[in-house]
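Going line by line, the protein sequences match chains A and B. Last residue of the first sequence: 475 in the working numbering, with the numbers rising by one and none dropped. Last residue of the second sequence: 475 in the working numbering, with the numbers rising by one and none dropped.
Do not take every clue at face value.
Copies of the same chain look alike in the list, so a pair counts if it fits in one copy or across any two.
[Claimed, not checked] Straight-line alpha carbon distances no greater than 27 Å define the calculated DSS-like cross-link-like pairs of lysine-lysine that follow: (1) 27 to 62; (2) 27 to 255; (3) 222 to 148; (4) 318 to 335; (5) 27 to 136; (6) 335 to 222; (7) 82 to 241; (8) 335 to 250; (9) 27 to 250; (10) 62 to 308; (11) 67 to 37; (12) 222 to 437; (13) 313 to 67; (14) 225 to 425; (15) 318 to 67; (16) 439 to 463; (17) 136 to 241; (18) 136 to 335; (19) 425 to 464; (20) 391 to 222; (21) 313 to 136; (22) 67 to 27.
Simulated from the structure, these hints should not be mistaken for lab results. Keep in mind it's a predicted model, so treat the numbers as computed, not measured.
There are 2 protein chains.
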Amino acid sequence: MGKENFVEQIADIEADFPRWYTDVVLKTELVDYGPVKGTMVIRPYGYAVWENIQAELDSRFKATGHKNAYFPLLIPMSYFTKEAEHVEGFAPEVAVVTRAGGEELAEPLAIRPTSETIIGTMYSRWLQSWRDLPIKINQWCNVMRWEKTTRPFLRTSEFLWQEGHTAHATEEEAMAETMQMLGVYKEFAENVLAIPVICGRKTEKEKFAGAVATFGMEAMMKDGKSLQAGTSHYLGQNFSKSFEIRYLDKDGSQKYAYTSSWGVSTRLIGALIMAHGDSRGLVLPPKVAPVQAVIIPIAAKKGGVVEKCLEVKAELEKMSVRVEFDSSDASPGWKFNEWEMKGVPVRIEIGPRDIENGKAAIFRRDTLVKEEYPLGGIGETVLSLLSAIQKDMLEAARKRRDGRIVCADDLDGINDGVEKGNFVKAGWCGCRECEDKVKAVTAATARVFAEGETAEKCAVCGKKAEHVVIFARAY
Amino acid sequence: MGKENFVEQIADIEADFPRWYTDVVLKTELVDYGPVKGTMVIRPYGYAVWENIQAELDSRFKATGHKNAYFPLLIPMSYFTKEAEHVEGFAPEVAVVTRAGGEELAEPLAIRPTSETIIGTMYSRWLQSWRDLPIKINQWCNVMRWEKTTRPFLRTSEFLWQEGHTAHATEEEAMAETMQMLGVYKEFAENVLAIPVICGRKTEKEKFAGAVATFGMEAMMKDGKSLQAGTSHYLGQNFSKSFEIRYLDKDGSQKYAYTSSWGVSTRLIGALIMAHGDSRGLVLPPKVAPVQAVIIPIAAKKGGVVEKCLEVKAELEKMSVRVEFDSSDASPGWKFNEWEMKGVPVRIEIGPRDIENGKAAIFRRDTLVKEEYPLGGIGETVLSLLSAIQKDMLEAARKRRDGRIVCADDLDGINDGVEKGNFVKAGWCGCRECEDKVKAVTAATARVFAEGETAEKCAVCGKKAEHVVIFARAY
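Chain A with its partners taken away, still in its complex shape (with noise of 0.2 Å):
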């Protein structure tokens, strides 16, 4: 089977991006779909980069103060009522147990779609003096969100995802908290997804229902489409106030805390793909590939190829390679077309020429670069050229966002910029009605503010612009 052959079972990515994404999601079994209707199931490759995510970010967590809990799955409906926003946004998604047991409950319960509210709860009963503060709370688990459209990994009615959750004294605490770990994404989703990301505060109608202002991280895809793959939430005090988050201050007075929620998701496997795929499928960056290096044997029946594989295979193995020696009976250019598919970032070949001459041949994925080294100190050449891939993967990353970038003055630039897919800065005056105009005539939304940055007018109504916004198509 040639490798055009094989390539074929993936749809054109210029041709049909979403097909594209699809056919890789399945193809490299990343995921498949589960039997309830917009449910995933995230099968063992996918689930490994889940896992070496996790690892990151929980290292980075515990790094910056934070600790581990769990809350439960299910809260009482009544929950969601007591901040009205939060029911607003949240109540028509939700999925509710009204029996359990056998019998009809009481009051209906709902699956979390976030955990403001029961954390809430809890915080009101485990905070009494403000020696108690600041509380920093982190869970990993599932959430569900009742969708119309979903899609593997983008949107699905039960995602993975963590949040973190926070209760402090003061207002410059809360906001420093909320500002430190979208800092903690922006550095994650940088130095180990080698996704750059834009960060920046969100308005009024894109915001986390119940928060007093909502930080973003966005992401561009392949396609010029915006991703929102990370958000950090500055609570104020909306929640202490409905969940009674009190306690007594040095001062002998009761004080409501000021909180903080912040999370990301299993949609950074979405942004992964999209951010770095290419026409032969997945592009892993080293530090979240399940495989790191594949080794592949040429002419395995030749004398002392096998040998000399599982020797490259245990030194790299020494060196907390992840590495795979694929010694199937499918042809070596089978072989070269499916690891290539799942994102590999290095491939080395071992075949009896090379044995003779001392060298192994490595093909890197991100570049299609294939060239010869040296078979002595060969996994100190794959440490180094995984290090290269990590960094220069984040290189091209940036140079081809920071080449879709656009400005315009009015919504005919807007939608000639998003049109072609890019992200676009434009004035905006901070009025509803001129963010609903955008939408309705270009498909886009405002992803983030343009921190420092100014302009004059409003690119919809012509007024005063109070803001810089980046506007984008999105996921």
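Put chain B on the given structure of chain A with help from the hints.
Positioned in the frame of chain A, the structure of chain B alone reads:
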């Protein structure tokens, strides 16, 4: 606040074991009650124990060739009816989603009580040829079983667990997998949790709903009752026939796979508490203790004390010891009690006189013995103490348990044995009637078969014994 005063907060372990348990789990902040009846919040201290359990088990699962994945929470109700025994066992405990996204669902969805049915459905889709076997997947997730009587960690409507699900070409392979994972659990229970366990096959009555055979591991708690700490099920072709888990074999014919499943849960935290705890509270084995050593300054305001404590802390951290320095305002006595209650394996006391003498007092939580050790090389000292504690806790638990296993020839003997807090070995004819009678008269159940042991007569009916059974009252 003196020690006596403080310990009064916990009920007397000898006088009221259940109350002692509840006091300990709440006051050490392992857990709290959730707002919905029967649910629990696993607080950071408890969750840290779970994280340590997960890390130890997960590396064992991977070393035996398993990969993690994630399957959906919601299972169509109709799936449960496909395996007759399975539906009978689980349907009464299921929580059901009937409404989602503002609409009534056409088919009600169960929150997974266990995932054989949905994983079986996916395996039937993935499994094509003999080349795809074995499939060896594990998932870490939440499950829900609506229970009438609940207690934190031991029995809650929602709990966290792992469930391994494998499919094999032959009966032998599936049975070997079942036994291998039982062995992994036993080694883990003994070497990590320091809990000796008795492993063996369960009776028909006690087996998993839908299994051909269930193997369990039973641990003795300090009140002499047994806790089922893990199970491994050989499912034969029951689920593969119900869910069409078939493959094309080498000989060109379609065959049903043989499957297994195995799991342990947050119940293990309950086992830890009740296997090791004492009148002062928790006693945690070093390998899962969130804090392995606590440093407490004596006369902290005297020059050099805090500095020395921080120096020792840094030394221990360098050796990867999980260490806390308690610099709070509370008195040393109060801190002693607090950290003893929390079960921290080693306490290091450092005061001006200790520094002068170049020594520190180290208290072992398991033996309650305090001894002086040189400050020089204290890191090595703590490491070797932690390793000794780990080993000694297992041996102590083994001695306690072995002293409480008795034999009985008749129903009175069984009753007398369990009444005194023993495991009781007795002959059993194999009939359900006699098994039920033991339960009715003694409140004890058949835990596992005593493998390889024989008896003359059934202790209930006097007929020929087919098995020796270990009877105990159980959690």
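Review point. When no copy is named, should residue 27 and residue 255 be tagged within, between, both, or neither for a Cα gap of at most 27 Å?
Key: between (55 Å within a copy, 25 Å between copies)
Point to revise | Alpha-carbon proximity between residue 136 and residue 335, which holds within one copy, between copies, both or neither at 27 Å | key: between (47 Å within a copy, 23 Å between copies)
Practice item. Have a look at residue 222 and residue 437 and pick one of within, between, both or neither, based on CA distance no larger than 27 Å. Key: within (26 Å within a copy, 69 Å between copies)
Review point. Under a CA distance limit of 27 Å, which applies to residue 425 and residue 464: within one copy, between copies, both, or neither?
Key: Within one copy only: 15 Å inside, 87 Å across.
Check your understanding: Is the C-alpha distance from residue 313 to residue 136 at most 27 Å within one copy, between copies, in both cases, or in neither?
Key -> Only across copies: residue 313 and residue 136 sit 23 Å apart there, 42 Å inside one copy, limit 27 Å.
**Study point:** Within, between, both or neither, where residue 222 and residue 148 count as close if Cα-Cα is 27 Å or less
**Key:** within (25 Å within a copy, 53 Å between copies)
Point to revise | 27 Å Cα threshold - placement of residue 425 relative to residue 225 | key: within (14 Å within a copy, 68 Å between copies)
Check your understanding: Under a CA distance limit of 27 Å, which applies to residue 27 and residue 250: within one copy, between copies, both, or neither?
Key -> Answer is between; shortest inter-copy Cα gap is 25 Å, intra-copy 60 Å.
Exercise for review: Can you give me the call for residue 67 and residue 37, within, between, both or neither, at a CA distance of at most 27 Å?
Suggested key: So residue 67 and residue 37 pass the 27 Å test across copies only (25 Å; inside, 34 Å).
Check your understanding: When no copy is specified for residue 136 and residue 241, does a C-alpha distance of 27 Å or less occur within a copy, between copies, both, or neither?
Key -> Close inside one copy (19 Å), not across copies (49 Å); limit 27 Å.
Point to revise | Intra- versus inter-copy proximity for residue 250 and residue 335 (alpha-carbon distance at most 27 Å) | key: between (67 Å within a copy, 23 Å between copies)
Exercise for review: Classify it for me, residue 318 with residue 335: is the Cα-Cα distance of at most 27 Å met within a copy, between copies, both or neither?
Suggested key: Within one copy only: 24 Å inside a chain, 44 Å across chains, cut-off 27 Å.
In this structure, none of the earlier numbered hints is contradicted; all agree with it.
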